[in-house]
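A.B. asks: One-letter residues, chain by chain:
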Amino acid sequence: MVHEVLEHDDKGKRVKCLSCGSPYEGFFCFDCHTILPISGEMNYFSILEVEKRPVVDMARLKENFLRLSEKVHPDRYFNASGEVQDLALKSSSLLNKAYSTLKDPKERIRYLISLENDREAPVSKHASTETMEFFIEASDVCNEVNTFVKKGGGDESLKRDYLRKLLGLKNEAIDRWKAVLGEVERVDKEWIGTTDENRKPLVKRLLVLSHELSYLSKLQSLIDELIVAIS
Amino acid sequence: MGRIIGIDLGTTNSVAAIVEGGKPIVIADADGQRLTPSVVAFGGGTEPIIGHNANRQRILNPRKTIYSVKRFMGRRGSEIKDEDMFVSYPVTGSGEEPIVIVIDDKHYLPEEISAYVLKKLKGDAERYLGETVDRAVITVPAYFNDAQRNTTKKAGEIAGLKVERIINEPTAASLAYGIDKKLDAKIGVYDLGGGTFDISILDIKQGVFQVLSTCGNTRLGGDDIDRRLIDFLLKKIEACGGGDLSGSLMVLSRIREEAEKAKCALSSHDEVEISIPFLTSSFSLKYKLTRKEFEELAGDIIDRTRKPCLQAMMDAKLKPDDIDEIILVGGSTRIPLVQQLAGEIFGKTPNTSINPDEAVALGAAIQANVLSGHISNLLLLDVTPLSLGIETYGAFMNVIIPRNTTIPTRAGELFTTAVDNQSAVTIQVLQGERQMAADNWSIGTFALEDIAPAPAGVPRIGVQFTIDADGILHVLARDVNTGKEKFVQMKSTIDVSKDQVEKMVRDSMEHGKEDAAKKELFDAKVEADKVLSATRKALDKCMNLLQQDERNIIDKAIYDLEEVIKKGDTAGIKDNTTNLNRATERLASLLLVETAKEVVEKKAGHK
Chain A
1 MVHEVLEHDD KGKRVKCLSC GSPYEGFFCF DCHTILPISG EMNYFSILEV EKRPVVDMAR
61 LKENFLRLSE KVHPDRYFNA SGEVQDLALK SSSLLNKAYS TLKDPKERIR YLISLENDRE
121 APVSKHASTE TMEFFIEASD VCNEVNTFVK KGGGDESLKR DYLRKLLGLK NEAIDRWKAV
181 LGEVERVDKE WIGTTDENRK PLVKRLLVLS HELSYLSKLQ SLIDELIVAI S
Chain B
1 MGRIIGIDLG TTNSVAAIVE GGKPIVIADA DGQRLTPSVV AFGGGTEPII GHNANRQRIL
61 NPRKTIYSVK RFMGRRGSEI KDEDMFVSYP VTGSGEEPIV IVIDDKHYLP EEISAYVLKK
121 LKGDAERYLG ETVDRAVITV PAYFNDAQRN TTKKAGEIAG LKVERIINEP TAASLAYGID
181 KKLDAKIGVY DLGGGTFDIS ILDIKQGVFQ VLSTCGNTRL GGDDIDRRLI DFLLKKIEAC
241 GGGDLSGSLM VLSRIREEAE KAKCALSSHD EVEISIPFLT SSFSLKYKLT RKEFEELAGD
301 IIDRTRKPCL QAMMDAKLKP DDIDEIILVG GSTRIPLVQQ LAGEIFGKTP NTSINPDEAV
361 ALGAAIQANV LSGHISNLLL LDVTPLSLGI ETYGAFMNVI IPRNTTIPTR AGELFTTAVD
421 NQSAVTIQVL QGERQMAADN WSIGTFALED IAPAPAGVPR IGVQFTIDAD GILHVLARDV
481 NTGKEKFVQM KSTIDVSKDQ VEKMVRDSME HGKEDAAKKE LFDAKVEADK VLSATRKALD
541 KCMNLLQQDE RNIIDKAIYD LEEVIKKGDT AGIKDNTTNL NRATERLASL LLVETAKEVV
601 EKKAGHK
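The listed protein sequences derive, respectively, from chains A and B.
FYI, in the numbering used here the residues of the first sequence are 1 to 231.
FYI, in the numbering used here the residues of the second sequence are 1 to 607.
Check each hint, because a few of them may be wrong.
Stated by the list, open to error - Covered by chain B, according to a simulated footprint, are these stretches of chain A (three or more residues, beta-carbon under 8 Å):
hint : segment
1    : 68–74
2    : 84–98
Claimed, not checked - Each computed DSSO-like pair below joins lysine-lysine, with the alpha-carbon atoms no more than 27 Å apart:
hint : chain 1 : residue 1 : chain 2 : residue 2
3    : B       : 317       : A       : 159
4    : B       : 81        : A       : 103
5    : A       : 178       : A       : 150
6    : A       : 150       : B       : 236
7    : A       : 170       : B       : 307
Keep in mind the hints are simulated off the structure, nothing from the lab.
Glycine included, every Cβ here is placed at the ideal spot set by N, Cα and C.
Next comes chain A alone, as it looks inside the complex (with noise of 0.2 Å):
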């Protein structure tokens, strides 16, 4: 992943704590609350202490976020030494770059992909066809409501007509946002009693539902987009 290039080089072998020994895998001890460089086998999920599968606890990946953000965060380093202030920087940048891809389902199935095939995902342009019509019929509407605001609005009525026809898109693209997570749940509920070298077909069914969700969230942006330029 490309802007994973420089982040590569964090990762290391797990390692004593340089300030009391205790081993430690991340980028914080907790035994004697030092900042230290990143150790371990980190990922995302590792990072943010969650399982390191399809469906997250959302609840409990904001809190540990949180939890750490307190620990690592460069206010609490303000202080201290040029390095140890420049290891802040580092950790709760990345662990802010974690929370926002482990949140986001969209993000965080594409970056599972990438895990599971050793490399980035790769981003193909296909979604079902019935996502794909879904997506080309709502973009039609987009284009002539982009039309008419460029043009400077004016029509009431029609103005009117055209938040209405946007808030209906928005309601469909999230329920079928929704029925896409719901897919990605049963593809969870699998993947839990599924062996690691077992699991090609799962990834390759997210790749799919990843897509999809691809699509939508595009589409939900230029669709809210569109509803605060004609407001």
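Once you've looked at the hints, dock chain B against the given chain A.
C.D. replies: Frame of chain A, contents of chain B only:
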């Protein structure tokens, strides 16, 4: 090390605060005043007068009394509209130049003027604390870009303050609001000040104040309402036989003062009598302004806060019902119509429990204590307000760090060369949400240099963009092949030396406005030529791939541009250059594909 104070460096007023005995308090000046007008007046002595005293001579000495300078911080000439230049003191700067204020042949950058205000606050704090103060947390509007944040930092340095942290005004206000409460809530902070508007949505839990989204407008505030009111009064004066007074600075300053007073009075009264005796030797103004009339005048300005609010909710993926409280900050939120609108947008009565003038400074003082380690049960997680990206082929912006990403944050990008043996690559860094690079802020350029000679596409240079907790960008480059790493100095477009500024102003004085216009025309022509020749080259290659109607649109855009170039119409050239750029967007992407194909074919040929 000395204590860290919190400073709200506002458009209209500035405030300093500190935490004492666990409570944040405002530091009053020697006269017991808690707010210091952000006004600097030159005249008389060698040192300027600052604050209330400066404000008092605004009417007598409008040309040398500088106010609302925050609007010019970190801005280039081309970003400032004429109406924004409409202040009673002389400002210059066009195109890529920074804004410069000229007083008695001396030239001041906006950060130098702000530094005077900061120095005054520093002095007040030192007197109050009885010790040297040389460290501060300074607030900025959440929607400030990289250049504006850097400029604010510089203002602090000029004033002799080490700026330990830049924090966002609405976030600071949320700290002041939430510090004593054990909150577990989602809140919105609606901050309408003298010159800027911000909306931030936060999730507060277990002492962590996490910003979910922020949006705003750095050119929207009480100043705009004042200006609207002044224009209205000028028209009334003319209609009542007072003549056109818009040319007299002294009269304008008097009207301005009365307009501002009337605006404030209408927050608690239904009508107010505006009375300005002897505007001219024969004309005195008396006018009864009702709140309804005022609201009609200011309505559309206030309504401009609506879209950023909707955007912020969309970005936070929240509906009005999901937000527990909407907190009002900034002097302009005293206006009933503002409170009404905020209530309508968020579907609940806004919370006006915090002092709208002081909350931001108090929050800055709280954050200062977090940094010094005195408060350990509170943490601020803020976001970057604008997407950060780089300009790519076809003049598009490629987003690297999207808006509302929690900071600090880092992201990497790989770069390579476009031609054989290229030794340097220059990269343009942008901030903003628009698709075309030119529609966003250019925050600077950096060069990747000393690239070892190699065929095109072979060198691999990893560039890491870090946005720190101040919201300020740092760039680190590493040659992936050799492992050589170095910090890259970003050349900010507004980062100029004092000498350059002096020279620039001298030049513009010597040659006057005409030459500035000539230069602008010259620059516009150069840019137009660049685009024309690029278009022709692209057409040579990809003409047959275009639809007939696309071709027609491009031909017309070329024709139009050539016509205005012949006429020497600067504004026309600029507009038509933009048009042609737009018309050739698809052509540019076609060209990209064609070029890629050629490269592939060439490589295949080599094998």
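A.B. asks: Run through the hints listed earlier and report the numbers of any the structure violates, in increasing order.
C.D. replies: 4, 5, 6
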